[in-house]
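J.: Spelled out, the chains give:
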Amino acid sequence: MAMDMFLDQLHGMAQYYPVVLKGVGVTLALSFIGIAAGTVAGFVLGIGRASSSRALSFLVGAYTDIFRGTPVLVQVFVVFFVLPEAGIELDSFTAGAIALSNLAACFISEIVAAGIRAVPAGQLEAAASSGLSRFQQLRLVVLPQATRMIVPSLVGQYVLLVKDSSVVSAIGLLDLTRSGWVIVQSVPNGLLVFSAVGLGYFLICYPLLYWSRRLEKT
Amino acid sequence: MLSNLNFRVIAETLPDFWGGLVFTLSISLAAFAGALAIGVVACAMSLQSSRVVRAPAVAYVDVVRATPLLAQLYFLYFGLPNFGVLMPEIMIGIVALSINSGAYVSEIIRSGIHSIPRGQMEASASSGMSYWQQMRLIILPQALRPMVSPLIGQAIVLVKDSSLLSLISVLELTRVGQTLANDRFMPVEGLASTAACYLLIYYGLKLAAAAWVRLAQRPGRC
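Sequence order for the protein chains is B and R. Going left to right, the first sequence walks through residues 55 to 272 as the working numbering numbers them. Going left to right, the second sequence walks through residues 43 to 264 as the working numbering numbers them.
Derived by calculation from the structure, the hints in this document are not laboratory data. Any given hint might turn out to be false.
Said to hold, decoys possible - Restraint ranges, calculated between C-beta atoms of paired labels, are given here: (1) B/A116 <-> R/E164: 44 to 50 Å; (2) R/N224 <-> B/V205: 41 to 47 Å; (3) R/Y173 <-> B/L137: 56 to 62 Å.
It should be emphasised that the depicted structure is a prediction, and the values quoted were computed from it without experimental measurement. Don't be surprised by glycine CBs; every beta carbon is placed ideally from N, CA and C.
The whole structure should be built from the sequences, with the hints applied where relevant.
T.: Have a look at this one:
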């Protein structure tokens with residue numbers, strides 16, 4: 055009896071596969087945009103944060119702290135509900151993508167800054183005395199070494215971002231989490247439905263986690 | 043946008059936000075206590091040599107770390123009634139937060155213990171101590187110190203994560219802000235006040251972490 059019901063529910067869930075596929079697509083797209091844009095912006099902010107100019111470093115630190123200290127959900131709400139007050143109307147996907155990219159940039163900025171500070175001062179002095187310009191020192195000497203050190207933390211941050219993308223479901227965007235929420239309204243088995251949702255995230259995140267752990271060991 | 047903030051409304055709703063702030067802090071405190079308990083047990087299990095004991099702890103940490111809190115929250119919220127378990131939303135939220143943070147706490151404790159050189163364990167073993175004596179008298183007192191900063195970091199994450207409880211209609215800080223935003227059509231005032239409250243907690247915990255680092259660096263302490 056219980057088995058029949060379970061099979062029924064499994065069958066009911068299977069009929070929703072187009073919704074799930076769309077949800078997976080949105081989750082992957084948002085994560086990818088957030089990772090790509092967040093990494094680029096994060097490096098720019100991080101270089102500013104590690105800069106010898108105290109004012110610039112403080113300014114970047116103050117900006118990133120605002121987003122590191124507030125919940126993602128609140129940030130997504132702000133982009134989606136507050137920006138329209140300033141005349142900027144965004145659809146939920148764009149709002150989610152902006153909020154997530156900005157959040158990723160703020161966290162990555164601190165990682166990058168820590169990496170830059172960890173490059174021994176002698177490297178910079180040597181680079182300067184070989185006649186490299188400030189920009190060349192950064193591009194050819196500092197960043198390559200800093201990047202190698204921070205790759206494990208970066209990958210760890212990417213995992214957090216994929217998971218954080220689930221909060222866009224709160225502004226009605228049909229991502230993987232929201233697809234579970236939709237299905238559970240007609241297939242009344244939350245354990246089954248959200249196990250499937252969890253499995254979806256696990257398949258995306260676990261390889262990244264595994265990779266970051268491997269990187270940390272070497 | 044910020045120039046025409048309605049400060050009268052902000053002042054009027056201050057008591058609501060104070061209530062939300064206290065509620066968020068209480069939820070976080072309860073969940074952090076739960077996470078510490080779960081983390082200690084999971085870590086103790088994951089350090090055992092027996093596979094049967096270790097495997098569930100490792101699986102727990104991996105599954106939690108590879109799935110979003112929101113999915114875990116919905117899993118319990120929509121799933122527990124299937125077992126006939128009916129809990130108030132706030133309890134479900136605290137349980138979900140504890141389980142989620144517990145995995146990270148377990149990893150923090152583990153890396154604290156691993157930061158102690160192996161020789162310490164070998165030396166205490168050769169002075170005839172049992173495994174528990176080694177842990178209790180030699181390893182843990184030294185390992186606690188490097189754990190404090192990351193644990194405060196996890197507390198910060200936990201406070202921010204507790205905002206997701208608003209999605210299962212727990213009236214914490216985010217929900218208070220959302221209510222003000224929706225009912226009175228004041229998204230700017232509602233969300234700005236919410237963000238300000240979270241920043242207050244964030245800076246408080248950050249200051250605590252910095253104070254700890256200074257304290258721990260003073261010679262002849264702990």
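J.: Has the hinted range 44 to 50 Å been met by the Cβ atoms of B/A116 and R/E164?
T.: Between B/A116 and R/E164, where Cβ atoms are some 48 Å apart, the hint holds.
J.: 56 to 62 Å was suggested as the range; check whether the CB atoms of R/Y173 and B/L137 agree with it.
T.: Given range 56 to 62 Å: holds, Cβ gap about 58 Å.
J.: Does the hinted range 41 to 47 Å hold for R/N224 and B/V205 at CB?
T.: holds, 43 Å
Checked against the numbered hints given earlier, this structure breaks none of them.
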